[in-house]
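Undergrad: Protein chains in written order, with my numbering: chain A, 1 to 255; chain B, 256 to 369; chain C, 370 to 512.
Read the hints as simulated data drawn from the structure, not as lab findings.
Take these hints with a grain of salt, some might be off.
Said to hold, decoys possible - To spell it out: a stretch of chain C is covered by chain B in this simulated footprint if at least three of its residues, at any positions, have a beta carbon under 8 Å from a beta carbon of chain B; those stretches are:
(1) 388-397
(2) 408-418
(3) 449-456
Unchecked claim - No more than 20 Å apart at the CA atoms, straight line, and that leaves these computed lysine to aspartate or glutamate pairs for EDC-like:
(4) A:K20 to A:E41
(5) A:K235 to C:E377
(6) A:K122 to C:E415
(7) C:K470 to A:E157
(8) A:K38 to C:D479
(9) C:K376 to A:D128
(10) A:K169 to C:E374
(11) A:K88 to C:E377
(12) A:K88 to A:E99
(13) A:K88 to C:D479
(14) B:K333 to C:E374
(15) B:K340 to A:D215
(16) B:K263 to A:D212
Keep in mind it's a predicted model, so treat the numbers as computed, not measured.
Glycine residues also receive a C-beta, built at the ideal position from the N, C-alpha and C atoms.
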Amino acid sequence: MAQVSSIAEEQAPNPLSASKTILLRISRFNPESDDSSKFMEFSVPYQKWTTVLEAILDVKKHFDHSIAVRYSCRQATCGSCGMLINGKPRLACFTKISELDSDVVTVEPMNNFPVIRDLAVKFERLFDSHQKIKPYLIRDDTELESDQREFLQSPEELENFIQFANCIKCGLCNSACPTMSTDSSFVGPQALAQAYRYVADSRDKGKDTRLDIIDESHGIWRCHFAGSCSQVCPKGVDPAMGIQFLRGYLLGFRS
Amino acid sequence: MKESTIMKIHYGTALASVGLVAVHILMRLTTGFSDSLSYENVLANYRSVPYVIMLELILILLAVHGFNGLRVILLELKQGRVYEKAVSYGVVIGMIALIGYGSRTIIMTNMGMV
Amino acid sequence: MTQDENKEGVKGMANPGRYGIERIAYLLMRLTGLGLLGYFIAHVYETSNILRGRMGWDDFLAMTQTTEGHIFLVLVIGMCVFHTGNGIRIMLGHGGVGVGKPARPDYPYDPASQNYRHKIGIYSSIVLAAVAMMYGMAVMFGE
Numbered sequence: 001m002a003q004v005s006s007i008a009e010e011q012a013p014n015p016l017s018a019s020k021t022i023l024l025r026i027s028r029f030n031p032e033s034d035d036s037s038k039f040m041e042f043s044v045p046y047q048k049w050t051t052v053l054e055a056i057l058d059v060k061k062h063f064d065h066s067i068a069v070r071y072s073c074r075q076a077t078c079g080s081c082g083m084l085i086n087g088k089p090r091l092a093c094f095t096k097i098s099e100l101d102s103d104v105v106t107v108e109p110m111n112n113f114p115v116i117r118d119l120a121v122k123f124e125r126l127f128d129s130h131q132k133i134k135p136y137l138i139r140d141d142t143e144l145e146s147d148q149r150e151f152l153q154s155p156e157e158l159e160n161f162i163q164f165a166n167c168i169k170c171g172l173c174n175s176a177c178p179t180m181s182t183d184s185s186f187v188g189p190q191a192l193a194q195a196y197r198y199v200a201d202s203r204d205k206g207k208d209t210r211l212d213i214i215d216e217s218h219g220i221w222r223c224h225f226a227g228s229c230s231q232v233c234p235k236g237v238d239p240a241m242g243i244q245f246l247r248g249y250l251l252g253f254r255s
Numbered sequence: 256m257k258e259s260t261i262m263k264i265h266y267g268t269a270l271a272s273v274g275l276v277a278v279h280i281l282m283r284l285t286t287g288f289s290d291s292l293s294y295e296n297v298l299a300n301y302r303s304v305p306y307v308i309m310l311e312l313i314l315i316l317l318a319v320h321g322f323n324g325l326r327v328i329l330l331e332l333k334q335g336r337v338y339e340k341a342v343s344y345g346v347v348i349g350m351i352a353l354i355g356y357g358s359r360t361i362i363m364t365n366m367g368m369v
Numbered sequence: 370m371t372q373d374e375n376k377e378g379v380k381g382m383a384n385p386g387r388y389g390i391e392r393i394a395y396l397l398m399r400l401t402g403l404g405l406l407g408y409f410i411a412h413v414y415e416t417s418n419i420l421r422g423r424m425g426w427d428d429f430l431a432m433t434q435t436t437e438g439h440i441f442l443v444l445v446i447g448m449c450v451f452h453t454g455n456g457i458r459i460m461l462g463h464g465g466v467g468v469g470k471p472a473r474p475d476y477p478y479d480p481a482s483q484n485y486r487h488k489i490g491i492y493s494s495i496v497l498a499a500v501a502m503m504y505g506m507a508v509m510f511g512e
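Okay, chain A solo, but in the shape it has when bound (with noise of 0.2 Å):
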């Protein structure tokens, strides 16, 4: 169903930075009375900065309100406004209309999360995947027995493991994974990737639980090096680099 009309008047357009169009598809889907998704067509204006997460809603705002979709801090540091981008897993805070060089956007729910309504998706799968590999400190002391302070860490230490730190839970990598597609039990590179992180922490002594816990027929050997998830980590954590890592310990090339 298309909807092509142009928006109220109450925002004149800036006459310094005259706006072009793009068509916005937005896949809507209710699984309670749906059977198949289907999208609506909505021409918005854009400027050069304008991105995919303000044409949704603007669309929101203008034209339908019912359009669901998750979203919040607007700069690329929630995660919750991960969804497919003509085909691709993008933040839509982060995906600027320009960048995409094309008259058509197409948005869809990401792939491989169930979908709740249009656009947003369930997380509970990433979360206990998350939760299996234990992410957390594991060790017998605490920082209140210990003779310091606290568990000191020289900058070099955490160099080995910041990078892995900075994943904000978006999903994109899951939804890029090609073993995700089909695989149902694989535990997925997030998780793979922040079992490494607690790994290469100096202050963790779980490296042999979480091994042992990614040692199986669904776990890190699931993992194929497609580098699909690396491509599309919106904060750089790079997590094919932390699951050869991890798989490096395992495999005895790092002990």
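Fit chains B and C to the known structure of chain A by using the hints.
TA: Okay, now just chains B and C, sitting in the frame of chain A:
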């Protein structure tokens, strides 16, 4: 068997078979390709014990590597306790069957039972 | 009632576009692996014809030493060389070799693991496979 052990075997069989398969292919190029496939030449190859050992090794290494690869692909396509057990046992049976059938050819030809 | 997991399925797993040469190499690795397994099983069966004596062996040769047979074998050579070359690259990658070093991420957040070393490895495997196929054609069709 732990998955890491299975995958170490997967990598090990791959690396071990690279050189052996290269020798196997080069044997076909030393005397001219079509001449090397003549009945007499092939029989002569099978009569050579080192060559037969190499063939047997290639058979085992590639059967293990290939069927384990198939197992990995099948496990990723569908999940479930019964299905996964069926895939694991099916792959092992296929592996043993292929090794058995190939070994039969190698041993019988080497012993002159053609 | 289990909710649809919204998985892309085989279509998504087998789609080589969107993510660069590494994803294409992943798909080619799977396809060549399955192709080589099929060839291996057929090869073990066809070479068992030696047990049927000279007549059986010559019958099998008449079937395989044809133009179509040679073209098929050229494809097998290509699959074998690519699978081997890319396999060695992947094995090294799996051990953490050539995937870069961890560092504080900075815009534009280019992933260090998707670096030129592995891209060169993939392209080299493809080029080597092409060269091997040409050599195979020269040997088989040149006689």
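Undergrad: Of the numbered hints stated previously, which ones are contradicted by the structure, given in increasing order?
TA: As far as the earlier hints go, 1, 5, 6, 8 are violated by this structure, in ascending order.
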